[in-house]
Structures are given as C-alpha cells and as structure tokens.
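Since chain G is already given, all that's left is putting chain P with the ligands on it; use the hints.
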Amino acid sequence: MTATTAKEQSIASSIQLRAVTKAFGSVQVLKNIDLDVASGKVVVLIGASGSGKSTVLRIMSGLETADSGEVVVGDVPMHDPKRAPEIRGHVGMVFQQFNLFPHLNALGNVTLALRKSLKMSKAEAREVGLRCLERVGMQDRCANYPSQLSGGQQQRVAIARALAVNPRIMFFDEATSALDPELVGEVTSVMRSLAADGMTMVVVTHEMGFAHRTADRVVFMDDGVIAEQGSPEQVLKDPQHPRTQQFLARVLEA
Amino acid sequence: MNLELIWDNLPQLLKAFLVTLELSAVSIAGSTAIGLVVGALRTSRVPVVSQLARAYVEIFRGSPLPITLLFVYFGAALYLGYSVELFVASAVGLSIYHGAYVAEIFRSGIEAVPTGQREAAQTLGLSPMQTFRYVVLPQTRRIVFPPLIGQYISLIKDTSIAFVIGMVELMKAGQAIVDRTAEPVPVYLTIAALYFVICYPLSLWVRRNERKIVPA
Ligand SMILES: Nc1ncnc2c1ncn2[C@@H]1O[C@H](COP(=O)(O)OP(=O)(O)O)[C@@H](O)[C@H]1O
Ligand SMILES: [Mg+2]
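Heads up: the protein sequence lines correspond to chains G and P, in order.
Residue 1 is where the first sequence starts when you use this note's numbering, and the numbers rise one by one after that.
Residue 255 is where the second sequence starts when you use this note's numbering, and the numbers rise one by one after that.
No lab work stands behind these hints: they were computed from the structure.
Built from N, CA and C at the ideal position, the CB exists for glycine as well.
Fair warning: there could be bad hints in the mix.
To give an idea of the chain G side of the interface with chain P (calculated C-beta under 7 Å), a few residues [said to hold, decoys possible]:
1) Q97
2) K116
3) M120
4) C142
One chain only, chain G, in its complex shape (with noise of 0.2 Å):
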C-alpha cells in the first residue's frame, strides 16, 4: 500500500460529531453532542438507559438523521440527506437482538448483500463469506439457520455479516446485553480482535472490563449530552462528573 492510500484510508474511517441535536416528538434525546473518533481508534460508549447512546450510533449508521449539526462518517457528510444514503454498505453496525435474516442460513446471511448489492458470482461470494465465518470462529456452522444457534453463535454470525462488506467502521450497540453471561465472551473475543486488527470502532457496551481492557476512550453519555470522556483509565477508575461517580457505582455494584 502506497503512503497516499493509506492516509486515504486514515481520513476515510474517522468520524467527526458536530453539535449535533436529535428530538423524538417533544423529547430532546440529543442536545449537543460533539465527538470525534480518529481512524483506527476504539470508543466505547457508556451511560444510563436513555441516554441516547442509541441514537448516537444510530445517526452515525445512517439509520436516523440529525435534526441539526455535523456529522462525517468516513468522508460522507451524513447531514447532507442527498449524499448520506452513500454510507450503506461502508459501515457495519451490530445489533443487541443480532437481527439475523432468519430464512437464510449462516453463509446465506453472511452472503445476501455480496450477491445482490455488490455483485459477486455465487462462488466469489462463497469464499468471502465462509472467510468472514471462519474469522469469527463460525465457519462449522455455515449451513445452520438462525434459529439453530445460539445467540453468542448469532451475534458472531450477525459481526461476519458486517464485516463481509469490507466496512471502514464497525458499530456495535450492546451488542451482548441479549446474551447469557456465558456466552458474553466469546463475542468481545471477537470484537478485541477486530480491534487489534486497526478497525475503527465504536461500541456501546456495559462490560466495563471489555471497555477497561479495548477502549482508546470511555465516552459518557447523560441525558443527551456527553458529561465526561478520556481514557479509561481516567473514565473508569477517577471519573470526575458526579452523574459517572453514581452511573459506575450502580453498574459495578450489579
């Protein structure tokens, strides 16, 4: 890879929040966020249920847009309605419920958006797959259904999913609070390895060992704002805004 590219790719997996706000109705769910994530980097997201984190991810994906501010994924300007559909495709996004097409098998999951949104042959799109599979450990199972897994197996399916399109940036909503605790770690297994491999991440997540042990930086969220942010060192064990004193007593102490 030549120097250029690679500062290409460096610009191309940041992501830049500016004042960005977001109401539902007459609740202000977002009030002024700002944010940034340099390529290559983990954030992890932490904060109370309804605190917008959520909604956070869910406009950096694409799947809600920003009532006003900036926001850059990659180099689309997702607060452009004309140019953020170019996000699709770019950005892998990992669901709590893993949202696995259930009438599709493992492969035929990993594959559907090769075939149809990028056009591989069947074979092409075969070997992509069973690669992905076989990243997250899953390649055994490529001929189960959904319904045949269980859900470390699903979320590991859904992250081979995401990963078969070749997405600069990975986004994973609690991505194992549906999980038996048993079954937690074989998917942030998964999620350091992405990490160590240099995706750009951001990942809202209440295992505060994953955060302790992965994060570049802990970002804390309150009631649409962002209260407190730095590494988790700082974050984690000195946190200075009252709200993350009282948010990591009560989910220490669970």
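Relative to the frame of chain G, chain P with the ligands by itself:
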C-alpha cells in the same frame, strides 16, 4: 337425476369450465401483483403514498364486485372510447377488486417483519427494493400464505359474477343450459361440483401447510 342431460351438455360445461379456470388464473396473477404493490405502498413511511394505497383498498373493499365489473366494462367503453373484451374486463375487474384484499394480506405480513430486519439490510448496503425482495418478502410467507389461498378461493368462486357483464364462464353457460332444458338441479349441482374440484384441493393444501409450517 337426469344423467343423460348432464352428459349431453358436458362438453359445453367443460368448455366454460376452462374459461373459468383461465379467468381465475389470470385474475389470481393480477390481484397478486396489485396486492403486492399496494400492500407494500401501504407500509410506506411517505404519508401521501400510504394514504393513496389505503384509499384504493377502502374503495374496492367498500364496493360490490358486480359494480366494479360493470364499471370496468362500461366505464372503459364510455370514458376510454373503446370497448374491452369481456375476458379482459372480467380479469381486470376481478384483479382490482381482489387486489384490495390481497393488499391487506401482504400489508399485515410486511408489518409483522421486525424493523430490525430492514435496518440490518440497509446498513449492509441493500437497496430498499432488494431489502423488500430478499429480506422482507420471504419472511411474510408464513403469515401470508393461508389467508392468500383463502382469498384465491373466493376469487375463483367470484369469477361466476362476471356473468353480470355477459361473460360466458361456467355459471353463465350453466344458466343457458337451464334456460334451454328447464332442469336447474342437475345442472347447478354439476357446476357446484366443478367449482369444488378446484377449490377443495386448495383448502386441503393450505391445511397441510399450516401444519407443516412451524413458527421459527
Ligand atoms: N424512534 C423513537 N421514537 C421515539 N422515541 C425514541 C425513539 N428512539 C429512541 N427514543 C427515545 O430516545 C431516548 C434515547 O434513546 P436511546 O438512544 O435508545 O438511548 P440508549 O441507547 O442510551 O438507551 C429514550 O428516551 C428513548 O425512549
Ligand atoms: Mg440503546
């Protein structure tokens, strides 16, 4: 019962029966195409689009089929300035009328697919059309299938109503024989049997599949 009478008129009845089959097949295809499009538009997030689709459904569900048929047949002659073939008018009338019901069946199927499915497809880069075709529609199958076949059965029986515009299908052919022979009972029984022969296997098929399709 006068079996000879039926035997003598059987070629005529079977010929009309074929017309009924043909009209049914074309109208099933037409109503499914209309129902699919209108049902999908009905779930649109663009209010004007979903309201127009809704208006379509309400209008045709709220008017009797004979009126729809008469409107299509004579309306085409009066307003378009040319008369359509009886078969075409019958098929169009049946399609738009039953299309309204089929649209509601597809709508309920589409709405039963969780939004997360569409969101996952969108972030993967599938277009809205691809998402509908490859993600949403296959998942509506289980919900849509039994009522859809039920609707097709009603449609098949409703082809008899095409007699109001003079279409010679099974019902109309039977009436002509009754007029000629003054033997309504054997003729109508035969006609009923012929409808039953197509509708009953469809009912059976639904019942078998209902048992086979277990919720995921
Ligand atoms: N589509 C929506 N319509 C109405 N309110 C919503 C919608 N999505 C989220 N909200 C509200 O916005 C607030 C923030 O939600 P969310 O971003 O999901 O928070 P978090 O992920 O931190 O729990 C909540 O009060 C939630 O009820
Ligand atoms: Mg959330």
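For this session: Give me the numbers of the hints this structure contradicts, sorted from smallest to largest.
Result: 3 and 4
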